[in-house]
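Undergrad: Could you put the whole structure together from the sequences, leaning on the hints where they help?
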Amino acid sequence: MRQIWKSFRALYFASLMMLIGSGLLSTYLALRLAADHVDSLWVGALMAANYFGLVLGGKIGHRLIARVGHIRAYATCAGIVGAAVLGHGLIDWLPAWIVLRVIVGLGMMCQYMVIESWLNEQADAKQRGVVFSGYMIASYLGLVLGQLILVMHPQLGLELLMLVALCFALCLVPVAMTRRIHPAPLHPAPMEPRFFIKRVPQSLSTVLGAGLIVGSFYGLAPLYAAQQGLTTEQVGLFMGSCIFAGLLVQWPLGWLSDRYDRALLIRCFALCLAVAALPLAILTQVPLEVLFVAGFLCSLVQFCLYPLAVAFSNDHVEGDRRVSLTAMLLVTYGVGASIGPLLAGVVMKLFGSQMLYAFFSLCALILVWRIRPKAVTNLHQVDDAPLHHVAMPDSMSSSPLVAALDPRVDEQVVQDQMQTTPPEAQTDPEQPPVDEPSPEPPTEPLDPDEHPHDLSRARP
21 MRQIWKSFRA
31 LYFASLMMLI
41 GSGLLSTYLA
51 LRLAADHVDS
61 LWVGALMAAN
71 YFGLVLGGKI
81 GHRLIARVGH
91 IRAYATCAGI
101 VGAAVLGHGL
111 IDWLPAWIVL
121 RVIVGLGMMC
131 QYMVIESWLN
141 EQADAKQRGV
151 VFSGYMIASY
161 LGLVLGQLIL
171 VMHPQLGLEL
181 LMLVALCFAL
191 CLVPVAMTRR
201 IHPAPLHPAP
211 MEPRFFIKRV
221 PQSLSTVLGA
231 GLIVGSFYGL
241 APLYAAQQGL
251 TTEQVGLFMG
261 SCIFAGLLVQ
271 WPLGWLSDRY
281 DRALLIRCFA
291 LCLAVAALPL
301 AILTQVPLEV
311 LFVAGFLCSL
321 VQFCLYPLAV
331 AFSNDHVEGD
341 RRVSLTAMLL
351 VTYGVGASIG
361 PLLAGVVMKL
371 FGSQMLYAFF
381 SLCALILVWR
391 IRPKAVTNLH
401 QVDDAPLHHV
411 AMPDSMSSSP
421 LVAALDPRVD
431 EQVVQDQMQT
441 TPPEAQTDPE
451 QPPVDEPSPE
461 PPTEPLDPDE
471 HPHDLSRARP
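Numbering (the working numbering), first residue to last: 21 to 480.
Wrong hints could be hidden among the right ones.
[What the hints assert, rightly or not] Pairs of lysine to aspartate or glutamate, EDC-like flavour, derived with a Cα cap of 16 Å:
hint: 1; residue 1: Lys369; residue 2: Asp59
hint: 2; residue 1: Lys394; residue 2: Asp281
hint: 3; residue 1: Lys26; residue 2: Asp144
Hints in this document: simulated from the structure, not taken from any laboratory. Note that the structure is predicted; figures quoted are calculated from it, not measured.
TA: The structure is reproduced here in structure tokens:
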């Protein structure tokens, strides 16, 4: 563990700072608009724009990295994201804020792709599970710390936007100062939507539902809490405790997932979410204690749906398609997270803030109806199913390249599907040459001074 921490601490720090900034920005914008008495529809539209940018960045990021390299792409996107964050303080026109949120999401997705490809480059195959868990912890911890900043600085002034921009400036430092050259280029794997819709329809339904719920939570839960009369400090504590519940539940969830039928677990957790959200959906004014307890319980189950769906789908897809599966799941999640805040924002505007949790309850009931364990034929179940459950990072903080870190995905499959240079890249005269990766990964993570791709020995 000490060697892993020494090798990956810079990338973990970069992820931590990015997520502190991202989590703080989402809550700040929701509270800022609530203070200005702006419709919930606009708040939902801002979060939808962020997720739309994340989905779009998954397509554009590969091209940018292939053209200018990992370090330049990361530095470029960090600078653009920081400028877009500060742009919220210079412009008060809401349509412009939506464009800025798309830019922030697009740039952050490219940053995720650089960090995850670098983690994959340095991680030994036997240690990918531990490296993956460290990345997940850094992601969740960053989101929690971003909320707690509001407790220490409750004034909704421009200082918070400066702090967000500061986080994106600091996340640039460990990547810009690295003494390694670019990792091997990772190219997008084909998603094969028709194949996966036929093979794992219930998993895709669960991922779509999780996107609807979690996307709405990040965008509109701060607005809901503010309209319940909570102060800015209390909103920060509420959001921080809810996101911390998502981190806390991952390990007991893994124990359950490895021992019980995963389709049944998805249905049970969806039913629990529908019941847990009812008090907040029915009561127009909720006592503070009930709000925190019910919100914590809802988050315990809502953050279980995506990891369970990923594990369930991996049980029914062959190893050579799991990279494509991960890309398909993340895009499906992004689509749901783009639609969810808009729908929830509309119902909150028409019927009141408590409709946010009514929306959660409705989505959960649809999943209870849609997920039918008896309909699972196990016709395509892999021989070693159920595969070991892997704690997943929050889907707001990962890219399709996270498949390269998933220990359920064979390393050779990653090499074959994601590191094969496409024909157009081979004939592109503007594409700079990239050193080939070492055919045999090291037995343990190397110190930067010992890395075989040290700049002092790199080809010009």
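Undergrad: Quickly compare the C-alpha distance for Lys26 and Asp144 to 16 Å and report which way the hint goes.
TA: The given pair, whose Cα atoms are some 14 Å apart, holds under the 16 Å limit.
Undergrad: Run the distance test for Lys394 versus Asp281: straight-line Cα separation, threshold 16 Å.
TA: Holds, at roughly 11 Å.
Undergrad: Going straight from one Cα to the other, do Lys369 and Asp59 come out at no more than 16 Å?
TA: 6 Å, holds
Of the numbered hints listed earlier, not one is contradicted by the structure.
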